[in-house]
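Chains as they are written, first to last, in my numbering: chain A, 30 to 411; chain B, 81 to 553.
Simulated from the structure, these hints should not be mistaken for laboratory data. You may find that some hints are simply not true.
[Unchecked claim] According to the in silico footprint, chain A covers these stretches of chain B (three or more CB under 8 Å from chain A):
| id | stretch |
| --- | --- |
| 1 | 295–305 |
| 2 | 404–410 |
| 3 | 491–504 |
Computed from a predicted structure; not experimentally measured. Yeah, the Cβ is synthetic: ideal placement off N, Cα and C, and Gly gets one too.
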Amino acid sequence: MASPRVRRRHAEIAAPSEPEWLRAACGPIYRISRKKLIYTWKMPGARRSSFALAPSFPAAVFATVLVSAVVGSDVLSRTVPTMRGPGPTTMAAWRPSGGDHYLANDVSGHLDHHVIYFGTDAEVTARVRTAEVLFLGNSRLLFALRPEELRPFFAAQSVPYYVLGFGYREADRFPLAIIRKFDLRPRLVVVNADGFFGGGLSEWAEVVNRDTPFAARKRQLEGEAAHEARRNIERLVPNWLQVFGLPGLGLRRSFNAYRSRTDGTWEISPWPDATKAFVAPSLEGRALARGEVAAAREFMAELDVRGSRLVLTHVPTPEPMPGAGPARFAELLGVPLVTAAVPALTTHDNSHLSQGSARDWSRAFVAGLAPHVRAPGSPTTP
Amino acid sequence: MNFVSWAFAALFLVVFAARLTIGRRKIETPYLAVLLVASLVFYGWHVPSYVALLVGSALVDFLAARAMGEAGPDRQRVRRALLVASLVSNLGVLAFFKYGGFAAQAAEDLAALAGASLRVPAMQLVLPMGISFYTFQTLSYTIDVYRGELAPVRNFWRFLLFISFFPQLVAGPIVRASEFLPQMPRPRRLRLRVFYEGVWLVIAGLFLKMVCADNLAAYVDEHWARASAPGAEATFNLWLSLMFSGQIFADFCGYSTIARGLGYLLGFRFPLNFNAPYIAGTFKNFWERWHITLSRWLRDYLYVPLGGNRGSRARTYVNLLAVMLLGGLWHGAAYTFLAWGAIHGLCLAVERGLGLHRQNGLRPARWVRGAWAVVVQVAVLVAWIYFRSDTIGEATTFVSQLIVGTWRPPTGWMVASTLFLSPLLAMHLHAWLRDRHLLPPLGAGTKAALAAAMTYGILSVYGGTSDFIYFQF
Chain A
30 MASPRVRRRH AEIAAPSEPE WLRAACGPIY RISRKKLIYT WKMPGARRSS FALAPSFPAA
90 VFATVLVSAV VGSDVLSRTV PTMRGPGPTT MAAWRPSGGD HYLANDVSGH LDHHVIYFGT
150 DAEVTARVRT AEVLFLGNSR LLFALRPEEL RPFFAAQSVP YYVLGFGYRE ADRFPLAIIR
210 KFDLRPRLVV VNADGFFGGG LSEWAEVVNR DTPFAARKRQ LEGEAAHEAR RNIERLVPNW
270 LQVFGLPGLG LRRSFNAYRS RTDGTWEISP WPDATKAFVA PSLEGRALAR GEVAAAREFM
330 AELDVRGSRL VLTHVPTPEP MPGAGPARFA ELLGVPLVTA AVPALTTHDN SHLSQGSARD
390 WSRAFVAGLA PHVRAPGSPT TP
Chain B
81 MNFVSWAFAA LFLVVFAARL TIGRRKIETP YLAVLLVASL VFYGWHVPSY VALLVGSALV
141 DFLAARAMGE AGPDRQRVRR ALLVASLVSN LGVLAFFKYG GFAAQAAEDL AALAGASLRV
201 PAMQLVLPMG ISFYTFQTLS YTIDVYRGEL APVRNFWRFL LFISFFPQLV AGPIVRASEF
261 LPQMPRPRRL RLRVFYEGVW LVIAGLFLKM VCADNLAAYV DEHWARASAP GAEATFNLWL
321 SLMFSGQIFA DFCGYSTIAR GLGYLLGFRF PLNFNAPYIA GTFKNFWERW HITLSRWLRD
381 YLYVPLGGNR GSRARTYVNL LAVMLLGGLW HGAAYTFLAW GAIHGLCLAV ERGLGLHRQN
441 GLRPARWVRG AWAVVVQVAV LVAWIYFRSD TIGEATTFVS QLIVGTWRPP TGWMVASTLF
501 LSPLLAMHLH AWLRDRHLLP PLGAGTKAAL AAAMTYGILS VYGGTSDFIY FQF
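One chain only, chain A, in its complex shape (with noise of 0.2 Å):
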């Protein structure tokens, strides 16, 4: 390699293929003779320089504009009250302490299908394996299921149980799998039937057909990090769009959803206050369809061969119903169902319940259960 001296003494030439534009954004392009022709690109500094002003002045100017701006915009939101938005930002608010709760779904993604299908986190598989009692359902039923009623209650059964519901309106394809790849075995499956049988799989779902164990561990890995990462600084720089949202799009506020590794039950953060109310459809729903039977029964077979008795349930919403409805499918397949009414019920984002509502349908929907869940040893009965 030709050192700098003889690189200097040899003729500067730019290269006449390119154009003119280009040297001037590269700088010069000198060709170097050796044994043969090859070009390079003049290192910026390679030689010296000196700057008109101190070198570190770039980092002062930097320095002073981005805190000038950090700070000014951190005054114009707490002072002025337009500048807040509608209410707390989804990064700042608050997560569960005490590292039960592992990341289950945020802004920029979603983990909780990879985590549990494969079994990136050795204690949320061992409580899904061991668990007597299995909820599987979509996110409805995730909202719906408030740890602080089920607990006690299945304390005092002392019967191990696991909420096993999914996101992006999981249907049974996705849960099936899981049952048959851990060899799940529960005494009790109770399922929302929601659009539950014969729904196919969601966009997560497929993606977790596609990704491989490293791929998940790494989509975890990855999106942990960002998540904290995120929250701290949106303590110190608040999100434009998640204040005012995109014009035209609105403001896309989304939720982050950690889930308990004991149990499965989804913390949400920060659940809106607001709350609408709403008079959930008919549990008829329309007649069913022959794909709805058949992914009925076979879910049925499959829970049949595995010891394994079926409750369904409806949580309430405003949606109208995506399939036959649930008091159909108990009649097919002969199985209980259990619903809790609820007066006034009410809704943030017509879709799945406000905060209060589900505590309520919680609590009654748990006494609605009781009969059907035993204690270990002792058969569930109807």
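Given chain A, put chain B in place with the hints provided.
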């Protein structure tokens, strides 16, 4: 591994620490070893087993080039056979992973046209990240050695570092061996000015990606299907196509800019990949400003060997069309990419036929150049619609609604959403003024203030997605 991830941040910090310690002066080997290991970790983070593919591809080219060097200039037949072996192995792997599904689909479509029924079993393969980019890099090396323009490299690990160097591994710039290899035995003392330039480029690239591209993507992803639905308004379709042209520029230019910045910080220099392409007045000039390293690769290794413009006029047009069709296919195995390439190829041929590509001497009158510049940018916009759409039919409906749809004033939120285009507009305006020597280059203080403002934007207005569009290529 994605630049916009904490895993990458951790990896880069380790490498930069090596740069500040064992990579300060001429103590090369340990530093290069760190770079190589980091590059393989970077690549293996996607699918670990594909590291073997990368190393295998590099090994084939390394051995082929060394054998060419040993054969000497007299044994041309042997050299040619070695080149063919290298090309077949590299392009074979590329074709297997990238074009297998497309070829099967094309066979099924052809069979359907002929009235027959053909079902080719589909393969579920994850495309190796950046395979199109590193394949072109290795090809440039073997071709340069074959032509006698480059001496074969003696050290395999250095050659592997050239292929796998992580800042530009998965989405370019496509660096040639003749640009990269001479940089390895150089003294690389870290200078403050170079450090500032590297940090400036990294921040600018992250801003383009996280603030501009990701927020524009939110609009494009939300509304793209609506634009080809019946009754879509022309105003809406125009707005949406502008949003996508901004998104793809910010996304790809953002990646290239980050790559160049990281290169500076690690002591390497990469060629410029984008230079305000939307101020181009001709198609030729557009390709001198958009994905510059790809267009010069296509020029030097495809267009010129095909005969370039040295043959008849008709042959030149055919060459232009063939090169751009292959350029389209390079982006992905889909008819829409072929259509995108065909539009650019046809436009380049028409431009050359009309003599509008000339920049000096015989160049046309000012008003003709102005009018042609508008045609160029409209055609580029239309080509982007094909690039983004899932099918040719969807894209054609989008374009037809754009032409025959109703024109109404844009809504307030449509106007407000162009806020995310404004940094790109400012970039292009600055480049336009700089080209005409109406503005001095940005000073150190201005750059520092802008970098701080962009950092604040990155922290407070970042969008939701993080995958780069060109990762899939």
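Here is what the structure says about each hint:
1. 295–305: holds (count 4)
2. 404–410: That given contact is violated, which follows from only 0 residues of the stretch 404–410 of chain B lying within Cβ reach (below 8 Å) of chain A.
3. 491–504: Holds: 7 residues of the stretch 491–504 of chain B have a Cβ under 8 Å from chain A.
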